[in-house]
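S.K.: Take a look at the letters that make up each chain.
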Amino acid sequence: MKLFYHCFGGAHTSITCAAIHLGYLPMDRIPNFKEFISVPYYDKMEDKNRGTPLYIGRDELGIDIYAIGLRNACHIMIPAIKSYLNVNNIPSKDILFVESLVKLHPITGVGGFLSRKLNLVSIGRPLTIWGIRRRYSVFVEIVSGVKESLLRYIGIS
Amino acid sequence: MKVIYYGNIATYAAYTMAVIHLGIYDEGKLPCLEDILRQWELCFIHGLQKGNLIYMGLDDELREIYVIGCGRHGNMLEKIYNSLNVIYDLKEDIYLIKADIGEITAGFLISLCLQFPSMEPMIKKLFVSVYKRAYPLWCKKVRGEKEKLKKGKKL
Chain F
1 MKLFYHCFGG AHTSITCAAI HLGYLPMDRI PNFKEFISVP YYDKMEDKNR GTPLYIGRDE
61 LGIDIYAIGL RNACHIMIPA IKSYLNVNNI PSKDILFVES LVKLHPITGV GGFLSRKLNL
121 VSIGRPLTIW GIRRRYSVFV EIVSGVKESL LRYIGIS
Chain A
158 MKVIYYGNIA TYAAYTMAVI HLGIYDEGKL PCLEDILRQW ELCFIHGLQK GNLIYMGLDD
218 ELREIYVIGC GRHGNMLEKI YNSLNVIYDL KEDIYLIKAD IGEITAGFLI SLCLQFPSME
278 PMIKKLFVSV YKRAYPLWCK KVRGEKEKLK KGKKL
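Each protein sequence line maps, in turn, to chains F and A. 102 is the number that our numbering gives to position 102 of the first sequence; each next residue is one higher, with no gaps. Positions in the second sequence are counted from 1; adding 157 to them yields our numbering.
Bound-form chain F, shown alone (with noise of 0.2 Å):
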């Protein structure tokens, strides 16, 4: 089974979630700045790769874990992916999205802006981190959520 945290551009709340998930980030604290700058692939997409999902690892109950960055978009590619997965017989209950955007922080988004479009990223980074610990119980709500359906729905098949 396959599993993607999917946001707009890939490089900082689902980098953060996956992160969380496979437990590069703690559940019981803010981590510090240094700790998000060693998550790997934090704030490292680059725009015109959006779209390619990033493998992450692997968690304790064999699924692996992807980042990717759908922009605006993801009502038209989730489809689009299952639908490519069904023509080739892999069934879609294989893979799973979740949303990681969810509640943003607007100092996120410009972060991200200034950090990815504009290459400013000694600017633009550290606003990123900023914005996402404000809301990092946020991050870890949705986390310990899809841990628990995932635990109920492997221990159902």
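These are computed hints drawn from the structure, not numbers from a lab. Quick reminder that beta carbons are idealized off the backbone N, C-alpha and C, glycines included. Do not take every clue at face value.
If you want a taste of the chain F side facing chain A, the calculated C-beta under 7 Å gives, among others [as the list claims (entries may be wrong)]:
(1) 51
(2) 52
(3) 53
(4) 73
(5) 79
(6) 80
(7) 83
(8) 84
(9) 88
(10) 90
(11) 101
Quick list of the computed label-pair ranges, beta carbon to beta carbon [as the list claims (entries may be wrong)]:
(12) 145(F) / 244(A): 20 to 30 Å
(13) 103(F) / 232(A): 23 to 33 Å
(14) 148(F) / 191(A): 48 to 58 Å
(15) 48(F) / 268(A): 23 to 33 Å
(16) 148(F) / 301(A): 46 to 56 Å
(17) 269(A) / 148(F): 47 to 57 Å
(18) 102(F) / 268(A): 22 to 32 Å
(19) 202(A) / 123(F): 28 to 38 Å
(20) 195(A) / 93(F): 34 to 44 Å
Using the hints provided, position chain A relative to the given structure of chain F.
M.R.: Relative to chain F, chain A alone:
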């Protein structure tokens, strides 16, 4: 091999190019008015449906032909599909063809008709005229893409 025609909407340029590719429409001859009007209905009813990969048939070299409407996110779609091939280790090649000729005008006409349904007869006429103008361009593009496929380029 899968050949996917993609455009803003699946029912206009992508659909027509796929149909030309499959040989259902003649390359040198315009489809009859009835067929064009049927396509108008198709655009009008299903034009807003995006993200569905629709199987159209097999071409003369047994390649599977598909169409998909993906808004303005064609480049992203290409990246996603190529990545999925790697992730799922799909051995079959895919070849994506951008079908955007005349799409802006068609999209405008459809939204105009949705806004002002009373203008439909006039908009239909405009649609037919735009379609007739775009048809040779679609044929030319399909011919070019078929040649590329034959030569094995851009696989």
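S.K.: Please go over all the hints and tell whether each is borne out by the structure.
M.R.: Hints versus structure:
Annotation: residue 51(F) was flagged as interfacial toward chain A, and the flag holds, the nearest CB pair being 3 Å apart, inside 7 Å. Interface restraint check for residue 52(F): the shortest CB-CB distance to chain A comes to about 5 Å, inside 7 Å, so the restraint holds. Because the beta carbon of residue 53(F) sits about 5 Å from the nearest beta carbon in chain A, less than 7 Å, this interface hint is met. Hint status for residue 73(F) relative to chain A: holds, with the closest Cβ pair at about 5 Å, below 7 Å.
Here the hint on residue 79(F) is kept, as its CB sits about 4 Å from the closest CB of chain A, short of 7 Å. A hinted interface residue such as residue 80(F) counts as satisfied when its beta carbon comes closer than 7 Å to some beta carbon of chain A; here the least separation is about 4 Å, so the hint holds. About 4 Å separates the beta-carbon of residue 83(F) from the nearest beta-carbon of chain A, less than 7 Å, and the hint is met. Nearest Cβ of chain A to the Cβ of residue 84(F): about 6 Å, under the 7 Å cut. The hint holds.
Look at residue 88(F): its Cβ gets to within about 6 Å of chain A, closer than 7 Å, so that hint holds up. At about 6 Å, the closest approach between the beta carbon of residue 90(F) and any beta carbon in chain A falls short of 7 Å, and the interface hint on this residue holds. With a least beta-carbon distance of about 16 Å to chain A, the hint placing residue 101(F) at the interface is violated under the 7 Å criterion. As the Cβ distance of residue 145(F) to residue 244(A) is approximately 25 Å, the hint placing it in 20 to 30 Å holds.
Between residue 103(F) and residue 232(A) the beta carbons are some 29 Å apart, a value that agrees with the proposed interval 23 to 33 Å. Between residue 148(F) and residue 191(A) the beta carbons are some 56 Å apart, a value that agrees with the proposed interval 48 to 58 Å. Taking 23 to 33 Å as the suggested C-beta distance range, the pair residue 48(F) and residue 268(A) conforms, at roughly 30 Å. Distance hint check: the CB atoms of residue 148(F) and residue 301(A) are about 53 Å apart, consistent with the given range 46 to 56 Å.
Range check, residue 269(A) to residue 148(F): about 49 Å between beta-carbon atoms, so the 47 to 57 Å window is met. Checked against the hint of 22 to 32 Å, the C-beta distance between residue 102(F) and residue 268(A) comes to roughly 30 Å, which is consistent with it. Between residue 202(A) and residue 123(F) the beta carbons are some 49 Å apart, a value that contradicts the proposed interval 28 to 38 Å. The beta-carbon spacing between residue 195(A) and residue 93(F), approximately 36 Å, falls within the hinted interval of 34 to 44 Å.
Violation of the numbered hints given earlier is confined to hints 11, 19; the remaining hints are satisfied by the structure.
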